[in-house]
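Please build the complete structure, drawing on both the sequences and the hints.
Number of protein chains: 4
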Amino acid sequence: MNYRSLGKSGAYVSELSFGSWVTFSKQADVDLAAELIKTAYDAGVNFFDNAEVYEKGKSELVMGKALKKLGLRRDSFLVSSKVYGGVVDEPNPNQQGLSRIHIYDGCHQAMERLQADHLDLYFCHRPDPRIPMEEVVRSMTELIQQGKVRYWGTSEWSAQQLMEAHSVARQYNLIPPTMEQPQYNMFERYRFEVEYARLYDVIGLGTTIWSPLASGMLSGKYDETTPEDSRINLPGYEWLKKFFESDKGQERIRKTRELKTIADDLNTTRAQLALAWCLKNENVSTVITGASRLSQLQENLNALDVVPALTGEIMDKIEDVIQTRPDPMEFQIAKD
Amino acid sequence: MNYRSLGKSGAYVSELSFGSWVTFSKQADVDLAAELIKTAYDAGVNFFDNAEVYEKGKSELVMGKALKKLGLRRDSFLVSSKVYGGVVDEPNPNQQGLSRIHIYDGCHQAMERLQADHLDLYFCHRPDPRIPMEEVVRSMTELIQQGKVRYWGTSEWSAQQLMEAHSVARQYNLIPPTMEQPQYNMFERYRFEVEYARLYDVIGLGTTIWSPLASGMLSGKYDETTPEDSRINLPGYEWLKKFFESDKGQERIRKTRELKTIADDLNTTRAQLALAWCLKNENVSTVITGASRLSQLQENLNALDVVPALTGEIMDKIEDVIQTRPDPMEFQIAKD
Amino acid sequence: MNYRSLGKSGAYVSELSFGSWVTFSKQADVDLAAELIKTAYDAGVNFFDNAEVYEKGKSELVMGKALKKLGLRRDSFLVSSKVYGGVVDEPNPNQQGLSRIHIYDGCHQAMERLQADHLDLYFCHRPDPRIPMEEVVRSMTELIQQGKVRYWGTSEWSAQQLMEAHSVARQYNLIPPTMEQPQYNMFERYRFEVEYARLYDVIGLGTTIWSPLASGMLSGKYDETTPEDSRINLPGYEWLKKFFESDKGQERIRKTRELKTIADDLNTTRAQLALAWCLKNENVSTVITGASRLSQLQENLNALDVVPALTGEIMDKIEDVIQTRPDPMEFQIAKD
Amino acid sequence: MNYRSLGKSGAYVSELSFGSWVTFSKQADVDLAAELIKTAYDAGVNFFDNAEVYEKGKSELVMGKALKKLGLRRDSFLVSSKVYGGVVDEPNPNQQGLSRIHIYDGCHQAMERLQADHLDLYFCHRPDPRIPMEEVVRSMTELIQQGKVRYWGTSEWSAQQLMEAHSVARQYNLIPPTMEQPQYNMFERYRFEVEYARLYDVIGLGTTIWSPLASGMLSGKYDETTPEDSRINLPGYEWLKKFFESDKGQERIRKTRELKTIADDLNTTRAQLALAWCLKNENVSTVITGASRLSQLQENLNALDVVPALTGEIMDKIEDVIQTRPDPMEFQIAKD
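Chains A, B, C and D supply the protein sequences, listed in that same order. Number 156 in UniProt numbering belongs to position 156 of the first sequence; there are no gaps in the numbering. Number 94 in UniProt numbering belongs to position 94 of the second sequence; there are no gaps in the numbering. Number 82 in UniProt numbering belongs to position 82 of the third sequence; there are no gaps in the numbering. Number 162 in UniProt numbering belongs to position 162 of the fourth sequence; there are no gaps in the numbering.
Hints are not guaranteed to be accurate.
Identical chains share a label here; the pair holds if one copy fits it or two copies do between them.
[What the hints assert, rightly or not] Derived SDA-like pairs: lysine to any residue, alpha-carbon spacing no greater than 20 Å straight-line:
| id | residue 1 | residue 2 |
| --- | --- | --- |
| 1 | Lys58 | Ser25 |
| 2 | Lys8 | Gln95 |
| 3 | Lys68 | Glu193 |
| 4 | Lys56 | Arg73 |
| 5 | Lys148 | Asp75 |
| 6 | Lys38 | Pro91 |
| 7 | Lys148 | Ile101 |
| 8 | Lys8 | Arg198 |
| 9 | Lys68 | Asp105 |
| 10 | Lys8 | Tyr104 |
| 11 | Lys8 | Asp247 |
| 12 | Lys68 | Asp320 |
| 13 | Lys26 | Arg254 |
| 14 | Lys221 | Arg100 |
| 15 | Lys8 | Asp201 |
| 16 | Lys8 | Val202 |
| 17 | Lys65 | Gly85 |
| 18 | Lys69 | Lys248 |
| 19 | Lys148 | Tyr104 |
| 20 | Lys255 | Ser9 |
| 21 | Lys56 | Arg138 |
Honestly, the hints are just simulated from the structure, not real lab data.
Structure (structure tokens):
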């Protein structure tokens, strides 16, 4: 396993990392979770991703118990949480979003669920336009100053919002965000490649990529029909099913089918190809993978072997199929 | 119950909140306090106000025991204290006012009395011209950075003093005050409406209003004679009695009598009318109500239903009776 | 003529302003330029836009002579220049882009050509990634501090770049940009309406809109065939011709044809409709119009009468035709 | 003549200074103006006050010519202007108020009218809530940095606004206001004595007092009937006439009559008594006097001799008559 620095920060993350998202609690109990974590850990994975909102805290609870069961050295891995949605059902304006109140309470409660004396990475799971940026950046800075959090970051913030956080941090001598957790895959590239382009240098932004398989689509498992056990049949994922059935979704499924030849030629799977493709981008710090079965995790981990095979020639072939290279000038035709 | 943001901060407070001032300890024991808090909480009240000086700490002690008895989730409500007067009788220059010494000790002792691991709001109960503003703002900032306080504010500070605190915070990169607890009611409007006018925008000041009934006067209970059990007959309230008997006091009692017709027409009480009238001002974040009896609390809570009934026409009628709209130019007659 | 504040700055610009772009020097001599400026000025236009690169300085020369001929009070109008492309043919790395060298020399030379003792607005005509942002913002700040420039801004910068300039200004206590000159019209909306959305508040960004007619297309003059005297037949405008002939260009010509009914119903022209449509957006500070004939200028100025006629219903009708409302979520389909 | 420092700044102003307000141009031509200035100057007056709005620039023109005629050393006196109202009749949003545009143009034009290479004091004649405070303070700072202005200040700003300017100056390392020009006299005391109380120390605010005679009332000339040549009969002063005839005005005239005994006992006039009374307040830097006749000026200057006669006993007697000592607690009756 190779390790990459998390942007310009001092933290190093394994190229592949492991996220619990939909799997822990819903599809994996503590024993299975422990087995998955152990396998990843033994393969060199050093970052385990989580969020308060994943299964309303249960995903963190399961991960916390699994980590405890394994008895791994606390200083040998990184664990994260993300604050935004809260864990309770009853509406409480102070326990949602990014106020100092919820940033603090969310952190304390995640630490408790994860049985962790600190969070290595703590993300703002979404932007919260209700809250002054100064309050968000101050609260995150304070948690770092209290030793509860090592690095703070964001997820799905726009380049403007990231710069705004950076600006407030520089203006008030607070700690700027270190990393962003964006979606990035063969089909979703504009934000990562164009909108964020300057941030890797200006902020020194690190990235922890999610959805490298485009909600599983790039694995090819939706080539013909949808497998019964797919998450797209889970309650709450109707939006995903709808998207798969749309014109845009169908076109992507078609392109994914075409990728099979390239994958076959490289003696790999399309899932591995898609993960390796993400890692070819040097602005990616780590690609978060998920798995509800050991075999799936193993397949993902093997993607690392594919990276060196992705020569310029192969990358061009992939581009010919997916045709998604974003145009930085997409929004400008006239000249002044 | 609706919630309003506390100025431009990320905290949300219920439109009506509950303060213990003179009632807890003196007029309400732990059991009654718990009952009052529970009733308010169930109605959506999320902010419980207190101060070290209320009954010299006993009010906080009672509230702490009542909250513990109820076993409410700590992250589901906000609790405050205020520092200034201290809790001991013997004069000690270090345990009064706003030095770093008393701001810290006051905070720690209030947390202990309230059995709270942090204070959501912590107020400077009065300005303290003896103490350099930098020391006040630094001490409050430090308590926030230590995780003991979430937001700090002031009570009965002038606009100049609030701007001075803001200025010091901006100059030395400390945390500016978030909220002020001013008196505001139909009879006392100049400061809130004129003197503070720019602060709601410039500082983003939130406000937690006290004395919405003008020391109870607006409820109409002093219409004819003073009820035996009124606080104005309590020892220590001679100043209030004297004011009620002054010309100014008598004029207010007369106006309060006239408000009865308007309240009757709306099928409400004058107390409810007075509370609802405060809430019509969008710069009010929350109106603190007190109660020593359940029935009184219930009446207060019902004031929320009166707010929508206060149309422009009704507000004009009220103005015709009270005639207290402040003149922003009161202090200027000549032109230059 | 109404005036709008230029973002949160203290400058006020007329809703319609006058830009010389391609017309001065190429299509209008000093006498005609003076006539156009006088007509606009008498109608209340108070901002005359220019740039060093327009006809390589000749546009500013003509405007300078025309203004001098008219003898208008210098304090009764605002004049701008923009720095980036330089005015000489031979390549000189120091007289292009946004180095301190070219920002200074560009300012001095524009002042001379415009015969102006100061520039009211001075724009960075494009972003220049070669130059450290600190140097750009410092240079602009220095020109303001020297009294040569009143407000500085940008043109066609991304939200990220604008925030970066703002961030550098706040970090080093320099002057942030006041305004941006973006393209904005019925067909180009994403950047102005989505990407910039928070900047109007966070930076207080003012906007001086160019291309309100989408390179003239929205006037309807390309409905059937291209008129001989159109700028799309001028040398150097081959890119525009090519765009008009593309699928996207043809679709826009078709939509423009459909707008005719709406314009006819309002007893106005499509050019006026397009200008008025821009002014309905409150984040527009001023719409820059160009004209090479008095009649054309007059038509543009009359667009102001159309604004009040653009009711919500009419705006919906226009939307039904153009169907260009941008989707803020365009780049996100998956959920986390 | 004694000199007092202008607040905590390094500038020294004569205890009495000379302002042109309504007199120059309207009541005094260049020759008379020169005579008045020379007399004041010879008596030690070192500050001559003006404003762009006084007679729409003509007051400055007359003062400029008079100063030139006298040929006084430029470094031996201080001259001021004030920016806000502009000098032209036609409405121009950019040549009124406190934008960078008008602050600059106002300064340049005042310097030209006054024939002065710099302004010693430059005031914001009124607050301008339309303009961001940062723009106001930056513009004033820039003019000082360019050497055009020595000290900047305000006139008739509230304590909150003064603190806001101070706050912005400290936050962005700009120059805070040095002085304020408020109304202050026996009848108008609240702002100067209560609202500003902390500013003399916190900001180090200097004050150049206007209206020391309460629009002439305190001179006693309205004791019986209004003299024909009084300014209250000038067009544009109807507001003043109306005030004099009001209950409040009549009460003041009555009190002024009562002051005659005290003045007589001291062998002085009531005008001199009123000027000397202002100078007893150490927070007054200078009292601006006006005069349209030499004799009037001489009378004012002799007020300096009265100051030592105002013992504590005499001041108490005056207080007994005027009864205007402001109550710092005027707006607070209830206790918390």
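Which of the listed hints are not met by the structure?
3, 11, 12, 13, 14, 17, 18, 20, 21
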